[in-house]
Amino acid sequence: MSLAEFLSGIDHLLGVGIPMALFSILSAVIVLLLFAMPVGGFCTYLERKVAADFQERIGPNRVGPIGLLQFFADGIKMFLKEDSISKNADRWIYNFAPSLVMAGSFGAFAAVPFSAYIIGADLDIGVFYAMALGSLVSLGVLLGAWSSDNKWSLIGGMRGAAQIVSYEIPLGLSVLSIITVCGTMSMHQLVAQQAWPTHGGEGHFWNVFHNPFLFMNFFIYFTAALAECNRTPFDLPEAESELVSGFNTEFSGMRFGLYALSEFADVILFACIATTIFLGGWHVPFFNLQSLNVGLTVGELDLNPLVQSVLMIGVFLFKVSVLVFVVMWLRWTLPRLRVDQLMNLCWKYLIPIAFFNLIGAALWTWAFNGRGMLQLLGQVLGVY
Amino acid sequence: MAGLATHLPAYLIFSAMLFSFGLIAALGRRSTIGIFMGVELMLNGAGLNFVAFQTLRAGVIANDNWLHGHIFALFVIILAAIEAAVALAIVLRTFGTRQTIEADRADELRG
Amino acid sequence: MTLVDVFVAFCFLLGGVAAFFTAFHPNILYAAIALIGSLVSVAGLYGALGADFLAAAQLIIYVGGILIVILFAVMMSEDIYKRRFFQDAKKFVVPAVAAAVTFAGFAKITLSANWSNATKPDFEPTARAMGWALVGPYALVFQYVVVVLLSGLIGAVVIARPAVKMRQLDEELEKMGED
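Protein chains in written order, with this note's numbering: chain A, 1 to 384; chain B, 1001 to 1111; chain C, 2001 to 2179.
Take these hints with a grain of salt, some might be off.
Straight-line alpha carbon distances no greater than 16 Å define the calculated EDC-like cross-link-like pairs of lysine to aspartate or glutamate that follow [stated by the list, open to error]:
hint	chain 1	residue 1	chain 2	residue 2
1	C	Lys-2090	B	Asp-1104
2	A	Lys-151	A	Asp-90
3	A	Lys-87	A	Asp-149
4	A	Lys-151	A	Glu-242
5	A	Lys-151	A	Glu-240
6	C	Lys-2091	B	Asp-1104
7	C	Lys-2091	B	Glu-1102
8	A	Lys-49	A	Asp-90
By construction, these hints were calculated from the structure, which means they are not laboratory data.
Please model the complete structure; the sequences and the hints are all you need to start from.
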């Protein structure tokens, strides 16, 4: 599906003219924000709880049961805080930069397949689209840092932009190896290919178990994604011990809230993409959820897709939350890297390994005709 | 405004406009980076032309479906990326030796 | 009138205004930010023309790469805390006339031609077809671009090396010559 097709599709769907179509797009955006905001907010709560567990503290426990409503309190605090702008700040860019970051991290959610039936837009270039929108984030970080007229901010922003641009290369290479193996960039088809192998030869199970090269590339993707989201051990742009708070030092109130939220949204987005392209999306071992038949009907309506969707979303979100937990776990376990170590890791280790894996994955696909390890094992054992 | 999306002259005029503004920046800006931004605008105008012709005139121009216009626009983007890398290197070098990046002031070789 | 038409009109408007500011804004940093608008609008037009792969490539390479490099160059080479990267208006007179003449020429050619036999576009996904073209009729050009890219990157690294290292390199080369 191309963009023009997507837009004219909306036209056909509504058939009620421009104002209605624009209204529907607006409502989709609002729904997306209503989904992303609480999830991002809940992540801040989760982060504090995980941190507390690692440091043997209790963590937030006052607002609501076991502190579950803490993020509401945080959000209200953010909204009510005085919105201070330093005197020499560049107002236009200062107001504009946080929204760039937001657009980058929230817009990409449109291509995430939560189930076989629920996906914002099954674009033909899904993965590429998500990565392209993600590149807006570095621009927002750099501009926000510059506009706040603070040297710490600027150093943080420079680090952030350099880091994101550098780590986009191993990230892109590991995604490219997936595209080489699967032969498609559409998120929906990528997931469909990762079903449990059956007699017809359909599906090669999760891409991470397709061949050893993709297995290695999963970890390269994860490392690069950590750096893309500015998470520890790669959180140099906001290193508290050196740069006060890095690129968002001068931001207060809801503008800071937007930066904090979109950081979590970024983490969730990269976890979603990792789940989709490496961990099989909503697929589980031994069973294909899409062939599930509970035989429930309400009148004419078949309830199967609904039941399947609920299960698929559950599986998908479970995998995503495991990845997000690992990200938080790493934050409270590993110390921060130095700048030179960061660049060394990217250019001297990750990129050559990713190149090697890309060639390896291509050779594997050529040698075994696109079949994965599990399929080959099944053939050797004569299971199918 | 009906049919604007498939109206070839609109795209051509727009890309000519991008090219012209790029020309102004490339000729008129004093800073090397400003000149470079002008060149980027001109390249974008050219790339848009290629794609517009490919999509809206392909059946008239060529009888194969190799997407020639898209490939050319892709090459334009790649070459612009190389240009950016080299330009950044030159700008940093110039700034390191002269403490300015104004194109007028790099005139040591003028006779 | 469809939604695509509105989208295209919006892109034209955004791109035109942004290109104007890129050319004329006295502050080079604001010009760079206006360039974001032009590049994003061109990406949008690529999308509306059915070139979805190119639209994403435009975003990821131009906005995520080249613009960052431009902003880096501005921030590292100009004295940003004194904000002295300004431009005088007089310099623009001759280029503006030249550009106006160029634009008039383009517009005259465009409007005087007969475009009535334009084909109806079909919006097939393009990524696969482009891939085949790159290893088919354009394989040699593709390799050429790869070589240019590599040599450009090496050249950039060599140019941007710190001066001290360049001197060391010269001395080492001289020593090698003496040996």
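Okay, the hints, checked on the actual structure:
1. About 14 Å separates the Cα atoms of Lys-2090 (chain C) and Asp-1104 (chain B), which keeps this hinted pair within 16 Å; it holds.
2. Between the alpha carbons of Lys-151 (chain A) and Asp-90 (chain A) the distance comes to roughly 14 Å, so the proposed pair stays at or under 16 Å and holds.
3. Our distance criterion of 16 Å between C-alpha atoms is met by Lys-87 (chain A) and Asp-149 (chain A), whose separation comes to about 9 Å.
4. Restraint check for Lys-151 (chain A) and Glu-242 (chain A): the C-alpha separation of about 12 Å stays at or below 16 Å, so the hint holds.
5. At most 16 Å may separate the alpha-carbon atoms for a hinted pair to count; Lys-151 (chain A) and Glu-240 (chain A) meet this at roughly 14 Å.
6. Distance restraint check for Lys-2091 (chain C) and Asp-1104 (chain B): the Cα-Cα separation of roughly 12 Å lies within the 16 Å cut-off, and the hinted pair is therefore satisfied.
7. Straight-line distance between C-alpha atoms of Lys-2091 (chain C) and Glu-1102 (chain B) comes to about 13 Å, which keeps the hinted pair within the 16 Å bound.
8. Among the hinted pairs, Lys-49 (chain A) with Asp-90 (chain A) is inconsistent with the structure: their alpha-carbon atoms are about 37 Å apart, more than 16 Å.
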